[in-house]
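Undergrad: Take a look at the letters that make up each chain.
2 protein chains.
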Amino acid sequence: MKGKIYCIGTGPGKDDLISERALKAIEKSDVIAGYGVYTDLIAHLIKDKELIVTPMKQEKSRCEKALEKAEEGKTVSLISSGDAGVYGMAGLLIETAEKSDVEVEVIPGISAVLAAAAKLGAPLTHDFAVISLSDLLTPWEKIEKRLIAAADAEFIIAVYNPSSKKRADYLKRACEIISPYINENTLCGYVRNCEREQEEKGILLFKELKDFQADMFTLIIIGNSTTKLIKNQMVTPRGYKGL
Amino acid sequence: MKGKIYCIGTGPGKDDLISERALKAIEKSDVIAGYGVYTDLIAHLIKDKELIVTPMKQEKSRCEKALEKAEEGKTVSLISSGDAGVYGMAGLLIETAEKSDVEVEVIPGISAVLAAAAKLGAPLTHDFAVISLSDLLTPWEKIEKRLIAAADAEFIIAVYNPSSKKRADYLKRACEIISPYINENTLCGYVRNCEREQEEKGILLFKELKDFQADMFTLIIIGNSTTKLIKNQMVTPRGYKGL
Numbered sequence: 001m002k003g004k005i006y007c008i009g010t011g012p013g014k015d016d017l018i019s020e021r022a023l024k025a026i027e028k029s030d031v032i033a034g035y036g037v038y039t040d041l042i043a044h045l046i047k048d049k050e051l052i053v054t055p056m057k058q059e060k061s062r063c064e065k066a067l068e069k070a071e072e073g074k075t076v077s078l079i080s081s082g083d084a085g086v087y088g089m090a091g092l093l094i095e096t097a098e099k100s101d102v103e104v105e106v107i108p109g110i111s112a113v114l115a116a117a118a119k120l121g122a123p124l125t126h127d128f129a130v131i132s133l134s135d136l137l138t139p140w141e142k143i144e145k146r147l148i149a150a151a152d153a154e155f156i157i158a159v160y161n162p163s164s165k166k167r168a169d170y171l172k173r174a175c176e177i178i179s180p181y182i183n184e185n186t187l188c189g190y191v192r193n194c195e196r197e198q199e200e201k202g203i204l205l206f207k208e209l210k211d212f213q214a215d216m217f218t219l220i221i222i223g224n225s226t227t228k229l230i231k232n233q234m235v236t237p238r239g240y241k242g243l
Numbered sequence: 001m002k003g004k005i006y007c008i009g010t011g012p013g014k015d016d017l018i019s020e021r022a023l024k025a026i027e028k029s030d031v032i033a034g035y036g037v038y039t040d041l042i043a044h045l046i047k048d049k050e051l052i053v054t055p056m057k058q059e060k061s062r063c064e065k066a067l068e069k070a071e072e073g074k075t076v077s078l079i080s081s082g083d084a085g086v087y088g089m090a091g092l093l094i095e096t097a098e099k100s101d102v103e104v105e106v107i108p109g110i111s112a113v114l115a116a117a118a119k120l121g122a123p124l125t126h127d128f129a130v131i132s133l134s135d136l137l138t139p140w141e142k143i144e145k146r147l148i149a150a151a152d153a154e155f156i157i158a159v160y161n162p163s164s165k166k167r168a169d170y171l172k173r174a175c176e177i178i179s180p181y182i183n184e185n186t187l188c189g190y191v192r193n194c195e196r197e198q199e200e201k202g203i204l205l206f207k208e209l210k211d212f213q214a215d216m217f218t219l220i221i222i223g224n225s226t227t228k229l230i231k232n233q234m235v236t237p238r239g240y241k242g243l
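So the sequences go chain by chain: A and B.
So that you can map any letter, position 39 of the first sequence is 39 in the UniProt record's numbering, and since no number is skipped, the others follow by simple counting.
So that you can map any letter, position 181 of the second sequence is 181 in the UniProt record's numbering, and since no number is skipped, the others follow by simple counting.
One or more of the hints may lead you astray.
Below, in silico cross-link-like pairs of lysine-lysine (DSBU-like), each with a Cα-Cα straight-line distance of 35 Å or less [said to hold, decoys possible]: (1) B:K231 with A:K2; (2) A:K60 with B:K14; (3) A:K65 with A:K28; (4) A:K65 with A:K166; (5) A:K74 with B:K14; (6) B:K231 with A:K142; (7) B:K2 with A:K228; (8) B:K99 with B:K47; (9) A:K207 with B:K145; (10) A:K145 with B:K228; (11) A:K201 with B:K14; (12) B:K74 with A:K24; (13) A:K228 with B:K166; (14) A:K14 with B:K201; (15) A:K60 with B:K201; (16) A:K47 with B:K24; (17) A:K14 with A:K24; (18) A:K201 with B:K145; (19) A:K69 with B:K231; (20) B:K60 with B:K172; (21) A:K28 with B:K228; (22) B:K14 with A:K2; (23) B:K47 with A:K14; (24) B:K47 with A:K24; (25) B:K14 with A:K14; (26) B:K28 with A:K231; (27) A:K14 with B:K24; (28) A:K228 with B:K4; (29) A:K57 with A:K74; (30) A:K228 with B:K145; (31) B:K201 with A:K4; (32) A:K28 with B:K231.
Calculated directly from the structure, the hints in this document are not laboratory data.
The structure displayed is predicted, hence computed values, not measured ones.
Extracted from the complex, chain A is given alone in its bound form (with noise of 0.2 Å):
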């Protein structure tokens, strides 16, 4: 009998955003999957499971794992953190199991765009725009059109990878590019380790942002021309009165 693969999103980091549908999927787990340091936020929740734990850039290896594991009848969660499918595993994993019969259920989670987004206040509240800066699998001239055609059309934008030791500057490069479209005093927040240990926030304005020492774990927001500061939130608001 085929096993069963859970994709699922541990959201943030706490455990209080991890949703029932994702706890009882691992309760039910024999084998864990998972980036260590995903794995090591619920550890206390996956004892005497077997655990896969690959580093990073061993996602594909850590799918087949998981799948070798399902076929041969287990029950199995692959674990990202935020949700799966907004930068994690499910798309890598439905098409790692392709070929086989085993049966992928993606178990969605709180993502941490939105979390940090509750964290600054309200920023989202209007159309916004989702882009990772890491140009790994995307070519960076793609992420500059998009940056571009995000601020030109007034989406709020959420940067996820805004910055690691190897792109230290990639977070002002992006800045300098959509520096035409976006007024110098919009409002930005960002959110380190948002849920976890060592949590960080702060609301700056678009001109300071460039210098801003962002890294891997750090998401920035970038509100439109309506985005205001109301007792230290970043609210967004939902219509355009007298835009």
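Could you slot chain B onto chain A? The hints should help.
TA: For chain B alone, kept in the frame of chain A given last:
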């Protein structure tokens, strides 16, 4: 003593997609405020609570009533479905409470777009844009501009409020506007009543989407040029091999 207002996203509909943090906030609340359809979905969780239920388009008065109760010292939960920060009540509530000492805490939830994406497979696994076709609060010209920008820059596009009785042809209009930018065979998906009774979902081609009968409980996802069908699931690969 001032009370507190939790602004809560209860997820798409089913209890097991509500976070524990949201459930606990509801539990400790004296008063629950919300639009009837949403409070009905969690009716079993809120019996014995004081209820403030206002119809659609009375969101402002719902916030004011919730604030009044909190000013009296009560703990209040203002309920949105999905995530309260995505076309939800979070922004309006923070604006309404601007001059008050009452604390507003936004608790994130699984938004409709994430729940629908998981149902369809993994359509969002790359940069995406979220656009509402409702022109009640946004001029149609701005919606058109955003649709074109998102399609031209190859975002995956999630469409909220694709249609309603008064706006029966809006999805068709949106498709016509972006058709110069999107290959007619691009995969699209829909989920109606996601995680609720009478849930329906399906995958179709972009050329078929303009004649699809959506309603206000339907979420549409328009893939990008790399989105493909794998065992009846809609998948956008993370990488751009060969594109």
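Undergrad: Confirm or reject each hint.
TA: We went through each hint and held it up to the structure:
1. B:K231 with A:K2: Judged against 35 Å, a Cα distance of about 16 Å means the pair holds.
2. A:K60 with B:K14: Status holds; Cα separation ~32 Å.
3. A:K65 with A:K28: holds, 18 Å
4. A:K65 with A:K166: holds, 29 Å
5. A:K74 with B:K14: holds, 27 Å
6. B:K231 with A:K142: The given pair, whose Cα atoms are some 29 Å apart, holds under the 35 Å limit.
7. B:K2 with A:K228: holds, 25 Å
8. B:K99 with B:K47: holds, 31 Å
9. A:K207 with B:K145: Judged against 35 Å, a Cα distance of about 25 Å means the pair holds.
10. A:K145 with B:K228: holds, 23 Å
11. A:K201 with B:K14: holds, 31 Å
12. B:K74 with A:K24: With Cα atoms ~34 Å apart, K74 of chain B and K24 of chain A stay inside 35 Å; holds.
13. A:K228 with B:K166: This hinted pair holds, its Cα atoms lying about 32 Å apart.
14. A:K14 with B:K201: Cα-Cα ~31 Å, so holds.
15. A:K60 with B:K201: holds, 29 Å
16. A:K47 with B:K24: Since the Cα atoms of K47 of chain A and K24 of chain B sit roughly 26 Å apart, the hinted pair holds (cutoff 35 Å).
17. A:K14 with A:K24: Within the cut-off at roughly 16 Å; holds.
18. A:K201 with B:K145: holds, 32 Å
19. A:K69 with B:K231: Cα-Cα ~20 Å, so holds.
20. B:K60 with B:K172: Satisfied, since the Cα-Cα distance of roughly 31 Å is no more than 35 Å.
21. A:K28 with B:K228: holds, 31 Å
22. B:K14 with A:K2: holds, 28 Å
23. B:K47 with A:K14: holds, 28 Å
24. B:K47 with A:K24: Holds. K47 of chain B to K24 of chain A sits at ~26 Å (cutoff 35 Å).
25. B:K14 with A:K14: holds, 21 Å
26. B:K28 with A:K231: Between K28 of chain B and K231 of chain A the Cα gap is close to 25 Å, so the pair holds against 35 Å.
27. A:K14 with B:K24: holds, 14 Å
28. A:K228 with B:K4: holds, 22 Å
29. A:K57 with A:K74: holds, 25 Å
30. A:K228 with B:K145: Roughly 23 Å separates the two Cα atoms, so the pair holds.
31. B:K201 with A:K4: Judged against 35 Å, a Cα distance of about 22 Å means the pair holds.
32. A:K28 with B:K231: Measuring from Cα to Cα gives roughly 25 Å; hence the hint holds.
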